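Participant: Given next are the chains, with one letter for each unit.
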Amino acid sequence: MISYLVTVVIFVAIAALVGLALNLQWGLAGLVNFGVSGFVALGAYAVAITAPHVGWLAAMAFAALMCAGLSMLLSLLTIRLEENYLAIVTIGFGEIVRILLLNEGWLTGGALGISGIPRPFAGMTPAGWGDGVILVFAVVLVTAAFAFSEALVRSPFGRVLRAVRDDPTVTAALGKPVLALRVRAFAVGGAIMGLAGALHAFFLTYIDPSQFTPIITAYAFMAVIAGGRGSNLGLILGAGSIMLILEATRFLKDIIPWIDGVQLSALRLGMIGVGIVLMLILRPQGLVAEPKRRYGEFFPKDAAGPAPNRALAEGGKA
Amino acid sequence: MEPFLDVRGLTRRYGGVAALDDCSVDLARGQVTGLIGPNGAGKTTLLNALTGLAKPDAGTVTFEGEDVTGLAAHRMAAKGVVRSFQIVRELGSLTVFETLLIAPPHQAGETLAGALLARPKWWAQERANAAEARRLLERVGLIKLADQPSGMLSGGQKKLLEVARALLMQPKLILLDEPGAGVSPPLREEIIRLVRELKAEGLSFGIVEHDMHLVEEVCDRVHVLAQGRALVSGTFAEATADPRVVDAYLGVAA
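Residue numbers (the working numbering), protein chains in the order written: chain A, 1 to 318; chain B, 319 to 572.
No lab work stands behind these hints: they were computed from the structure. Because the structure is a prediction, the values reported are computed rather than measured. Virtual Cβ for every residue (Gly too), placed ideally from N, Cα, C. Please note that the accuracy of each hint is not assured.
[As the list claims (entries may be wrong)] For each label pair, taking beta carbons as the anchor points, the in silico distance ranges come out as:
#1 R326/B <-> P291/A: 32 to 38 Å
#2 R326/B <-> E150/A: 48 to 54 Å
#3 G273/A <-> R514/B: 56 to 62 Å
Bound-form chain A, shown alone (with noise of 0.2 Å):
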């Protein structure tokens, strides 16, 4: 039991930190990207094939450069393009990546993936702790994640990615250079990307290209739909709710016996749209609204200040 709540505390790390990327690109500078999965599996990839020979921490900083970088060229490959061909390319780049990594059996081990992956600690974990290393491991992880997409968020840098996402051509007029903004917002995604896939890698030790499904970039844009564009808490408790709710219903074949194991995971799939959907129409500024600067900060005491407006301005947000 204790290695399967584990197993579900990493999951729902790795969760996180793939959602908390996908919040800095799509949340909140509006770059659609449909490859995620891809990301992931470049990074768990590099890290499986680098780590035996450099160590995981190298393994790691190879595995962040290397999906900023491809993030970078993608985004500028597309950016004379129109918004919705950046969903385009990154769904074609995630196959990509798929079929190469499938195909490609010198490096990747084609269908059979790659075993053995060290863990971080590995050597000075005492027996029977390994667990326990690996989910201090993920913790620590999600959190310097956080730390730092909180502090892009709140940072004028945020805002004025928030503006590119909301038009481009006023941002430009603005004086700001949109191009380069997009590309470090993507960039830096891409980044955080390749971290969730090294600790996917390093948690299961073995790796294949069938556990880089689509359905991780689905889960992604539903933890980032749930938890509110923009907002990394809201992100986290979106991401921890749908794993929440994906763990919890495997268990719901013990109450209803007349349901099947098929049945059920088919059935649990469309809960989570049906809460995708209902969140939208209900509660569409997602569960947590996106932090933004407020006059109050700069003069608490200004008799002017809005602050009777505060809930109009926060449940105005559609």
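Given chain A's structure and the hints, the job is docking chain B onto it.
Facilitator: Below, chain B alone, put in the same frame as chain A:
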């Protein structure tokens, strides 16, 4: 004296249509210059070409003696040429206050490294900008709405917010695209008053407008555009008295 903003032979085609056809106008420092003309005369295209949103096919734009033809939008803004939009394009998820905080140039916190590593620096800038934003919100009468999403303002309030935002960009020349369109009469008077005050403070304006009352009230000179060219230039009274202008607006009797 060298001209402030000088446009020579500017041409911009969309397919077979020349929205700007060898258009030459100039805007003087410290003055309010009106750009008027019938629909389709090329006024908005001219504004777009002056602010980097449309690349001219031919011709030159000189600003303060420097060739700025075809410069990208954010580079033009950095030079001090700032614009508003005909149909107000607000940044819907930003509050009124944030819309102003985003405007000042050279913010240390707007780069990736700066946001993470230069916190004390950008917080200091942020405080200074906030004080400036507050002063402007008071000036245009939007202070009570500071924390509202800018998408919830009325049309006229959005135009005032746009002017306030433009002022925070350290502009030398403000180009307004139909500041009076879709604005209630009291707010239109407010905009006229604001433009006059700012002109007295030394700012230069270029104004595209259909409301002749507003043009007459604020413009020192006007250029009448028709079919992508400058037709007549002069004071408002001179321009409106010119028979060619009447022809351009009403069509020549056959």
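Participant: Evaluate each hint against the coordinates.
Facilitator: Each hint tested on the structure:
1. R326/B <-> P291/A: 32 to 38 Å: Cβ of R326/B to Cβ of P291/A: about 48 Å, so the range 32 to 38 Å is violated.
2. R326/B <-> E150/A: 48 to 54 Å: holds (51 Å)
3. G273/A <-> R514/B: 56 to 62 Å: Holds, since G273/A and R514/B (Cβ atoms, about 58 Å apart) stay within the stated range.
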